[in-house]
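Asker: Sequence:
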Amino acid sequence: MLLILALSLGFGCKSSAQPSTEASRAESESDSAAGVSVATLAPEPTRAAASPTATRESAATSAPPTATRPLATATSTPPPTQTPSPSPAPSGSPTPTATPGGPVVLTAREQSIFDAHNSERTSRGIAPLSIDPTLQTIARARAQIMADNNLFSHYAPNGQTIFDMMDAVSYAWQDATENIHFNDYSVSQADAVAMAEYIASAAHRANILKAGFHRVGVGAATSAGGVSYYSVVFSD
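Counting with the working numbering, you get residues 1221 to 1456 for the letters of the sequence shown.
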């Protein structure tokens, strides 16, 4: 059974080989026929103080949102947290630091997802993405935060988003977004499932193929319960 959830700040996908909880069944029954929903963080003239809140709405009536400068703080509650296994106490969200000098070395899983993104772009005549050290650090941190907390959300337990993480290290951006995904397939299948669902979702695919995005970071992490979490962070 494949389920997809999209959010921007970015977008998120979820797929499950064997839904095992009443919560997952309930979510499946409540999703639209396309299985896609979108939550929007709307830009405002200033980033003045508001508590992060989230609005869940049908993808059929919402254009795929990405954040552009100037960006306001969110006015939302995060979409329902997925808990494939009992959640441990939330861990803190590390503040990323840029990788000092030299090329970024990707793990085999990160490389697979990165190559698949560029294959989709170049096959359509779109310039390939390049790995950015800061975005790579952020994407890895985001995937690990979700895995550590069995949390499927664009918001860390402390409410932090990729935009907060980029700003914390003075990363220069004008247009950015995050695609997220989780699934409970075996590690040997999980990466291919994640990429297939990204491409099958119009919202996620639009981010992958956006010509205005040039830099990317790719994170993949597995929870103690064997669930794979992914974060792909794009910027101009």
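Don't take every hint at face value.
Claimed, not checked - Ranges of calculated distance between the beta carbons of each label pair, as one might list FRET restraints:
(1) Ser1408 with Leu1429: 34 to 40 Å
(2) Val1389 with Ser1350: 17 to 23 Å
(3) Val1389 with Val1325: 15 to 21 Å
(4) Arg1344 with Gly1445: 32 to 38 Å
(5) Asn1378 with Ala1422: 19 to 25 Å
(6) Gly1445 with Asn1378: 28 to 34 Å
(7) Ala1426 with Val1389: 35 to 41 Å
Keep in mind that the hints were calculated from the coordinates and are not lab data. Note that the Cβ used here is the ideal one computed from N, Cα and C, for glycine as well.
Asker: The structure should be examined with respect to each hint, and the outcome stated for every one.
Answerer: Evaluation of the provided hints:
no., hint, in the structure
1, Ser1408 with Leu1429: 34 to 40 Å, "27 Å, violated"
2, Val1389 with Ser1350: 17 to 23 Å, "18 Å, holds"
3, Val1389 with Val1325: 15 to 21 Å, "20 Å, holds"
4, Arg1344 with Gly1445: 32 to 38 Å, "37 Å, holds"
5, Asn1378 with Ala1422: 19 to 25 Å, "31 Å, violated"
6, Gly1445 with Asn1378: 28 to 34 Å, "22 Å, violated"
7, Ala1426 with Val1389: 35 to 41 Å, "27 Å, violated"
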